[in-house]
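Asker: Go ahead and model the full structure; you've got the sequences and the hints to work with.
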Amino acid sequence: MASLTDHIEEYIKKLLAISTRNYVEIQRADLARKFSCAPSQVNYVLNRRFSPERGYLVESRRGGGGYIRIYRIVHPQAETWKDAFREMLAGPFEPARAKQFLKRILEEKVLSRREARMMSILLQEEHYRGLSREESRELQKRLFQASMEAILKSSY
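Per our numbering, the sequence shown starts with residue 38, numbered consecutively.
Don't read these hints as lab results, they were simulated from the structure. It is possible that part of the hints are untrue.
[Said to hold, decoys possible] Straight-line Cα separation of at most 25 Å, SDA-like style, residue types lysine to any residue; simulated pairs: (1) LYS136 - LYS71; (2) LYS71 - TYR81; (3) LYS50 - ARG134; (4) LYS119 - SER184; (5) LYS119 - TYR108; (6) LYS71 - SER97; (7) LYS50 - ARG123; (8) LYS51 - SER184; (9) LYS119 - GLN137; (10) LYS136 - SER184.
All figures in this text were calculated on a predicted structure; none of them were measured in a lab.
Answerer: Dropping the structure here:
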């Protein structure tokens with residue numbers, strides 16, 4: 038049985054699929070009313086399901102005429118992918134987020150299955166035994182970043 042977050046995500050993806058623009062613009066309150074939920078639940082879906090590593094950029098303007106604009110990153114937009122990649126690396130490195138990013142750019146054919154498998158090996162914890170969590174995350178981040186930059190550079 039699908040959860041509320043699944044339904045909201047599916048609805049937004051359908052809007053994106055039928056949109057003639059590169060984005061959809063929605064109002065948080067309208068979406069919350071449509072799904073009979075709190076606006077914070079809409080925020081949760083936007084933060085978790087429409088993140089850069091999943092191939093989306095979310096722009097928000099609050100206030101009376103506020104809106105949420107959701108962009109789906111498409112393959113030809115090299116700079117947008119690079120921006121999404123930089124944003125993913127801006128905070129603490131999380132292998133789970135990196136795996137989501139890999140999955141998304143594989144779907145868009147930015148990299149091959151072989152490249153994706155090689156990149157995912159860098160994220161496996163077993164290769165970092167003997168290192169502290171901080172050391173392991175830093176090494177994963179540096180290796181992932183260097184590899185991804187090489188792939189993104191040659192892809193465009």
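Asker: If a hint holds in the structure, say so; if it doesn't, say that too.
Answerer: Against the structure, the hints come out as follows:
1. A threshold of 25 Å between alpha carbons decides the hint, and for LYS136 with LYS71 the separation of about 32 Å lies outside it, so the pair is violated.
2. Distance restraint check for LYS71 and TYR81: the Cα-Cα separation of roughly 16 Å lies within the 25 Å cut-off, and the hinted pair is therefore satisfied.
3. About 20 Å separates the Cα atoms of LYS50 and ARG134, which keeps this hinted pair within 25 Å; it holds.
4. The hinted pair formed by LYS119 and SER184 meets the criterion: a straight-line CA distance of about 13 Å does not exceed 25 Å.
5. A distance of roughly 15 Å separates the Cα atoms of LYS119 and TYR108; the hinted pair therefore holds under the 25 Å criterion.
6. Among the hinted pairs, LYS71 with SER97 is consistent with the structure: their alpha-carbon atoms are about 19 Å apart, no more than 25 Å.
7. Annotation: proposed proximity of LYS50 to ARG123 holds, straight-line Cα distance about 24 Å (limit 25 Å).
8. This hinted pair does not check out: LYS51 and SER184 have alpha carbons roughly 33 Å apart, beyond 25 Å.
9. With a C-alpha separation of about 15 Å, the suggested pairing of LYS119 with GLN137 holds against the 25 Å cut-off.
10. Under the criterion of a C-alpha separation no larger than 25 Å, the hint pairing LYS136 with SER184 is consistent with the structure, at around 14 Å.
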